[in-house]
Amino acid sequence: MTQTAMPAQRPAPTPTEWRSLAAELRELYDEVADLLDRDQVEQLPGYFTDDCLYQVISRENVALGLPQATIFCDGIRMLRDRVLALRETQVYEPRHWRHFVTGVRVNAVEGDEIAAQANVLVTEAMSDAEPTVLLVGRYRDRLVRRDGRLWFRERSVIYDNYRVVRSLIVPV
Amino acid sequence: MGKSIESEAAARAWPAEGWTRVPYWIYTDPHLYARELETFFYGRGWSYVGLDCEVPEAGDYKRAWIGERQVVVVRTKDGSIAVWENRCAHRGARLVWQNRGRGESFTCPYHQWNFNLDGRLQGVPLKRGVLGKGGMPPDFDNASHGLCKLRVHVEGGSIWASFAPDGPTFAEYCGPEMHGYVKRIFSGRPLKLLGYSRQLIPSNWKMYVENLKDPYHATLLHAFLITFGLWRADTQSESVPVAEGKHGIMVSRNVGKSSADSAAEMARNKNRLVLEDTDTVTPIREFDDGKVIGLTIFPSVVMHQQANTLGMRNIIPKGPGAFELSWTYYGFADESPELTRLRLRHANLYGPAGYVAMEDGEVLAESQLGAAEYGHRSAVLEMGGKDVAPQDHMVTEVLIRAFYRYYREAMGL
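Read top to bottom, the protein sequences are chains A and B. Residues 56 to 227 in my numbering are what the first sequence spells out, letter by letter. Residues 430 to 842 in my numbering are what the second sequence spells out, letter by letter.
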């Protein structure tokens, strides 16, 4: 058995710090949801670290320990490419999406990293029909604080849907 | 005055032009749909039901669909694969309620009839009654009340099943050319499951079969392929209908660029878009023949090898107006982590959010919406001529024409 030195532990956040962190996350999540609802997906990569993971993956695959993701961006360049391809090459029926984010929770603070989660529901509305539920799931996030603000190191959108109805066009 | 029966029957006829036309009523008619399920999915053909790496150990099972019927794929104690209808032999309740799992045997929750992995009835509670009353008649024989088993064929790790006890063999059903391509991928090299991607597309299931027999659309709809260099107009290609048009083979081979070509291309595309992470569009060579293939084994599956992704696209009809497309992605157990990494990255091209495949879902949904209420009108299939002979290029609808020649004969239309 090998012994590894434990990293220097920071003191655990106080209840007040914890509450203020939760409030900060709530603000961040609302901001990101709002930019997606306003079709400003170009701004999304600006919330991620260079070594980020952004993925949209089924609960089925996560439960089975399978890595296959519906959208898989391993690094900021792949995330920016997702936006480029969407804007420059992709053909799809225009529609509007709206995000409903609830239950924002801080799960852990370890070293410089914050583990957090939230529930998410996304509706989709075609121009000639009422909105339907596109996707229901959970954000599983890891964030870091740099330059006085929070950045996503990981955002995994783990969706409960057995199937994606029709298409998943933009990051959610 | 309503329409006469005769005029309705005439509206259900095939246009006089033959296989260069496809009438739109075949994408919505419920009676035709029921007959398709009987003829193709529940008939004499073979359907894809899974990969053996999904059920590696004895007792491992998964549910699968053949048409609208659910079946269970099980690894039995002797290592072979059994496939049976997910329906208790007693009263018809589904026996298996989870998509995957492992068990010693299967017990129906309703009256606890118990079946072994192979589907044989092992136990019937209260078979002899209670205190001399009730129970099964003396002539009740467990051996006659097992689960309904399907014929099974395992081809190098891919699992196929057929409802027909006396139908053709899998090799006969494929025909030699298709069988050769199946063995090219499923050579017996152990497989590794990477995951699933499931999509519900609101279009008739045949539209997907056609989509994979339609190389003509690939360079036009899918700008991503051209823009980022995965496909070029001079890519060497073949479109080969096989087994009387039932199945289709699309092969392409990127011949590589000479430096002069590249320079000319650069000159043409000064403001060319480039991806920051070119890994996504840079496959490494995997098969000795350098080919990229898409195989449609009618009716249930498209086998794809594109970039470095390997996938089985299972077509599961859900009524005339929708189908589930279940993608199973896999690699090989002994491959390098680098190749697995590329497979996961390249999978961004496919599935419901795929740079390429998302657009197929979109146009199929739009085709169903466009055609559904115009059943008396028809699609035109004249690209690449009017015949059904193999062609050495992709600017053709020959595979769809050949398919409808087969379809009309099989359906008596």
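Check before you lean on any hint, since a few could be wrong.
Unchecked claim - Quick list of simulated restraints, FRET-style, between CB atoms:
#: 1; chain 1: B; residue 1: L768; chain 2: A; residue 2: R114; range: 22 to 28 Å
#: 2; chain 1: B; residue 1: D763; chain 2: A; residue 2: R200; range: 53 to 59 Å
#: 3; chain 1: A; residue 1: R142; chain 2: B; residue 2: A801; range: 53 to 59 Å
#: 4; chain 1: A; residue 1: D215; chain 2: B; residue 2: G617; range: 52 to 58 Å
#: 5; chain 1: A; residue 1: G203; chain 2: B; residue 2: P485; range: 32 to 38 Å
#: 6; chain 1: B; residue 1: F716; chain 2: A; residue 2: M181; range: 50 to 56 Å
#: 7; chain 1: B; residue 1: K621; chain 2: A; residue 2: E165; range: 28 to 34 Å
#: 8; chain 1: A; residue 1: D89; chain 2: B; residue 2: E838; range: 53 to 59 Å
#: 9; chain 1: B; residue 1: R580; chain 2: A; residue 2: Y217; range: 38 to 44 Å
Claimed, not checked - Here are a few chain A residues that face chain B, going by a calculated C-beta distance under 7 Å:
#: 10; residue: D136
#: 11; residue: T178
#: 12; residue: V219
Derived from the structure by calculation, the hints contain no laboratory data. Glycine residues also receive a C-beta, built at the ideal position from the N, C-alpha and C atoms.
These are the hints, each one checked on the structure:
1. Under the hint 22 to 28 Å, the C-beta atoms of B:L768 and A:R114, about 27 Å apart, fit the expected range.
2. Remark: the range hint 53 to 59 Å for B:D763 to A:R200 is contradicted by a beta-carbon distance near 43 Å.
3. Taking 53 to 59 Å as the suggested C-beta distance range, the pair A:R142 and B:A801 does not conform, at roughly 31 Å.
4. The supplied range of 52 to 58 Å is broken by A:D215 and B:G617, whose beta-carbon atoms lie about 37 Å from each other.
5. At roughly 50 Å, the beta carbons of A:G203 and B:P485 sit outside the given window of 32 to 38 Å.
6. Checking the proposed 50 to 56 Å range against B:F716 and A:M181 shows it is violated: the Cβ atoms sit about 41 Å from each other.
7. At roughly 32 Å, the beta-carbon separation of B:K621 and A:E165 lies within the given 28 to 34 Å, and the hint holds.
8. Distance hint for A:D89 and B:E838: a CB-CB separation of about 57 Å, consistent with the stated range 53 to 59 Å.
9. For B:R580 and A:Y217, the Cβ-Cβ distance of about 28 Å falls outside the hinted range of 38 to 44 Å, so the restraint is violated.
10. Restraint check, A:D136 versus chain B: the minimum CB separation of about 5 Å is within 7 Å; hint holds.
11. Given hint, A:T178 at the interface with chain B, is violated; its Cβ is 16 Å from that chain's nearest Cβ, farther than 7 Å.
12. At about 4 Å, the closest approach between the beta carbon of A:V219 and any beta carbon in chain B falls short of 7 Å, and the interface hint on this residue holds.
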